Amino acid sequence: MSQKNKASKKELSPIDVYKLLPKTNCKECGEENCMAFATKIVNREAQIDQCLPLLEEKHSKAYNQLKEMLKPPVKEVVVGIGEKAVNLGGKLVMYRHEFTYFNPTAIALDVTDDMSEEELMNRINKTQNWNYEYIGYTLKLDMIAVRSTSNDPEKFKSVVKKIIHNTKLPLILCSLNPNIIEAGLMAAPKHKSLIYSATTENWKSMAELSLMYNCPLVVSAPNNLSTLFSLTKTLLAYGVEDLVLDPGTFANEGLTDTLNNFTMLRRAATKNGEELAGFPLLGIPMVVWNEQGSTADELIKWREAYIASSLIIRFADIIIIHGIDGWSLLPIAVLRQNIYTDPRKPVAVEAGLKEFGNPDENSPVFFTTNFALTYYTVASDIENSKLNAYLIVVDTEGSAVDSGVAGRKLTAETVAEAIKETGIETKVKHKKIIIPGKASRISGEIEELSGWKVQVGPRDSSEIPKYLQDKWQP
Amino acid sequence: MPHHKTKEDNSGISLDPDIMKLLAKFQEIEIEDFELEVGELELRFEPGMARRILPKMIKKGLKVKPSNILKTEFHAPINSYSGKIVEVQLGATKSEGGSRGRSLIVGGETSPAFYSFESKLNNPPILTLDVFDMKVPLSKAVKMHVKEVVDDPAAWAELAVNKFGADMVTIHLISIDPLLKDATPKAAVKTVEEIAQAVDVPLVIGGCGDPIKDADVFEEVSQTFAGERFLISSITQDMDVERCAKFINKGGHAALSFTPMDLNLARELNRRMYDFLDKKDIIMDLTTAALGYGLDYAFTNMERARLGGLMGDTELAHPMSSGTTNAWAAREAWLKMSEEWEPRELRGPLWELTTALTLLLAGVDLFMMMHPAAVKTLKDIINNLTHGKKVNAEKYLDWISIKSSR
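Sequence lines, in order, name chains R and L.
For the record, in the first sequence the residue sitting at position 134 is 134 according to my numbering, with numbers rising by one throughout.
For the record, in the second sequence the residue sitting at position 280 is 280 according to my numbering, with numbers rising by one throughout.
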């Protein structure tokens with residue numbers, strides 16, 4: 001089955017959308033005119049529901065046409081309720097450079113129904129409180145997967161109750177036994193939890209539960225995409241619309257099949273318009289805990305972390321993890337943030353002089369490059385330490401300090417020019433500039449060319465406060 | 001089923017009430033978007049009911065619930081590509097005119113990285129480990145593994161090959177930097193000689209970043225070690241490209257063409273070398289940024305380059321190299337953080353590994369790396385992705401009931 005009329009992102013132009021808009025230029029959407037709105041729609045920066053005239057009955061045909069046109073090849077499935085609800089999938093493209101990826105891979109941590117009260121609460125709290133500040137973003141975890149290891153519906157029910165009492169994070173209810181799942185759903189009937197999972201054995205009961213409680217459903221067919229397709233087709237026919245696909249996650253020599261399956265499914269959905277592949281994909285790095293044996297915990301967490309990362313790169317929309325250590329979760333969370341950054345955003349920020357706090361004629365002067373990440377890192381370090389300082393942003397065409405020096409984008413000439421152009425000479429009376437430690441190679445040349453005294457600063461901007469304390473005198 | 005003519009026939013849509021007979025004419029009927037195979041439908045109609053219910057069912061596509069699995073096939077979506085990544089040989093054995101124990105080949109891909117459902121990988125990516133010819137700042141997590149050898153490049157190279165499993169060794173000739181020790185080309189040759197004696201793997205010759213000094217040193221090394229097929233790392237836009245390409249060609253080496261994250265510049269630099277070097281003599285380095293500090297740019301840039309090369313852009317159809325050691329530029333790789341993020345002895349190498357793995361999946365063929373744990377794991381991953389086996393999938397769902405108190 002393929003649906004050719006579902007436009008892949010690239011084929012869609014603002015004109016296509018504009019044609020179907022009411023063309024009232026009423027500005028109710030906040031845009032100057034309908035064409036501007038159409039452009040925003042194509043760039044996925046606005047929703048068609050923001051066009052109020054379009055919602056009128058007489059435009060219902062155009063509205064439906066637009067809805068269909070804008071439908072992503074990978075369906076968006078919502079899990080949970082309220083502000084912590086998670087959107088899965090909704091992908092428009094296979095490769096991020098083709099447009100951008102929406103809905104970052106949701107990260108779920110697991111708990112079981114026979115954990116001690118203390119351990120359960122500990123894991124719930126660690127999951128919901130986990131956060132890391134990173135260049136202006138707060139990285140977080142998204143969901144809790146509740147596994148039934150007791151196979152006792154009553155136990156499962158009471159654990160689910162306890163969890164929803166203590167967190168608003170959406171849940172994944174995990175058991176192949178429909179009675180267990182039903183017990184969990186009864187404990188949280190309106191929470192729109194994700195049900196794990198429908199298999200060739202239990203699909204009918206799981207489908208009934210999914211429909212009855214209006215919950216999205218995972219379809220599992222380990223390493224067999226024809227079975228996965230058959231089940232998906234069956235469940236769709238049964239009336240279950242919100243599906244999540246689980247082709248299986250396998251460690252070690254199984255990684256080949258795992259990545260192939262994810263890649264084939266995503267390609268089938270985005271490039272071939274294959275509807276049965278057009279659902280969010282679930283990866284389960286925690287399968288590595290299946291083989292724990294005598295292997296050291298650290299090794300299992302290490303393995304789990306890199307499998308998670310490979311799945312984030314290879315199209316997973318949601319992953320379930322067991323290891324809760326900061327050292328293993330941090331690279332995963334940062335990678336996810338990186339991969340889901342909008343590639344349409346420029347690499348470089350504007351060059352020039354930035355002021356922090358209330359700098360005066362005795363305040364220190366730093367410089368950094370205009371590579372966005374370098375700039376934001378340095379800026380947030382200066383900001384967070386509440387310093388009064390000047391920061392000259394040198395135009396390195398978006399190179400970081402070390403690669404700028406290596407690639408001759410950051411040279412004594414460009415620094416001297418920036419010092420001159422920013423007019424910093426009129427703002428301070430000391431003529432001293434603190435340069436990044438990684439630019440120490442060109443310190444002599446900068447002094448020579450600019451006439452400013454160079455102080456070589458720390459190699460990492462996190463050490464700026466300490467550096468100023470020890471080494472700064474106007 | 002008998003045909004009961006009733007009043008309702010006139011008000012509703014007229015439909016042959018013998019639905020089973022009607023359906024039997026077709027292999028499948030389409031109800032909305034769904035294709036249902038007839039034999040699998042659970043339809044029990046009272047006579048006369050059908051014409052009232054079915055139109056509704058067809059409209060909603062909901063009420064006909066299948067009772068058995070509707071079987072269908074998945075067909076692997078295979079692409080064909082007009083381009084192929086060139087194969088570049090690194091190192092030369094005695095019979096090939098050098099003195100290395102073996103030579104290696106990178107490149108030759110005919111599909112995106114590890115799309116093994118589509119085509120088999122010809123040459124698995126390889127790893128070269130960094131050795132420096134003078135003291136450089138190293139993070140604690142790295143230093144603890146090499147502290148015995150940091151003053152002895154030859155011993156460092158031996159450790160990299162014999163203990164850490166390096167396929168190649170990169171000697172970074174930092175000391176030639178005019179702003180540091182300004183060591184002479186002859187001194188650099190001596191260092192290279194020591195390493196070439198100590199290990200018999202192919203070598204990468206790294207410069208200091210000064211365009212003039214690097215060219216002088218590379219020329220000396222290229223001449224002295226003619227036939228060894230070293231990888232000269234690197235040739236940049238602001239060097240005398242013609243001169244460099246000529247002496248690399250004369251010495252029978254390979255060039256690493258380095259550009260700062262811009263595919264147009266990469267194409268341009270490669271073009272400038274084509275007059276003097278064969279395509280099979282060029283590997284490109286499109287710049288590696290660390291996880292958390294621009295890895296997204298590096299990843300997408302490399303992924304685009306690889307897809308471009310496969311789709312026929314010959315100026316990008318070169319194997320790719322990554323200075324993965326740059327991962328250690330991220331503060332999260334080396335910084336002592338609060339207790340919840342420790343130990344950094346694990347966080348650091350995982351940072352390097354994650355950076356490497358990301359770029360492995362973008363198509364990198366040659367990794368320049370540092371930490372032995374990251375190196376070991378990346379090798380294991382490459383091996384698993386190259387020699388993957390059909391797994392026993394039956395046990396997979398057992399993950400639900402893993403008993404773990406860890």
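Hints were generated in silico from the structure; no laboratory data involved.
Model, not experiment: these values are computed from the prediction.
Among the hints, a few may not be true.
Unchecked claim - When the alpha-carbon atoms are kept at most 30 Å apart in a straight line, the in silico DSBU-like pairs for lysine-lysine are as follows:
hint, chain 1, residue 1, chain 2, residue 2
1, L, 403, R, 168
2, R, 271, R, 386
3, L, 71, R, 271
What the hints assert, rightly or not - To give an idea of the interface, some chain L residues facing chain R are shown, with a C-beta separation under 10 Å as derived from the structure:
hint, residue
4, 76
5, 80
6, 82
7, 83
8, 84
9, 112
10, 117
11, 289
12, 295
13, 300
14, 301
15, 304
16, 340
To be verified - If you want the ones that stay clear, here's a sample from chain R, every Cβ over 12 Å from chain L, calculated:
hint, residue
17, 25
18, 40
19, 147
20, 385
21, 432
22, 452
Note that beta-carbon positions come from the ideal geometry of N, C-alpha and C, so glycine has one too.
A quick look at each hint next to the structure:
no., hint, in the structure
1, L:403 with R:168, "holds (26 Å)"
2, R:271 with R:386, "violated (50 Å)"
3, L:71 with R:271, "holds (23 Å)"
4, 76, "holds (6 Å)"
5, 80, "violated (13 Å)"
6, 82, "violated (17 Å)"
7, 83, "violated (17 Å)"
8, 84, "violated (20 Å)"
9, 112, "holds (8 Å)"
10, 117, "holds (4 Å)"
11, 289, "holds (7 Å)"
12, 295, "holds (5 Å)"
13, 300, "holds (5 Å)"
14, 301, "holds (9 Å)"
15, 304, "holds (5 Å)"
16, 340, "holds (4 Å)"
17, 25, "holds (36 Å)"
18, 40, "holds (23 Å)"
19, 147, "violated (5 Å)"
20, 385, "holds (15 Å)"
21, 432, "holds (21 Å)"
22, 452, "holds (18 Å)"
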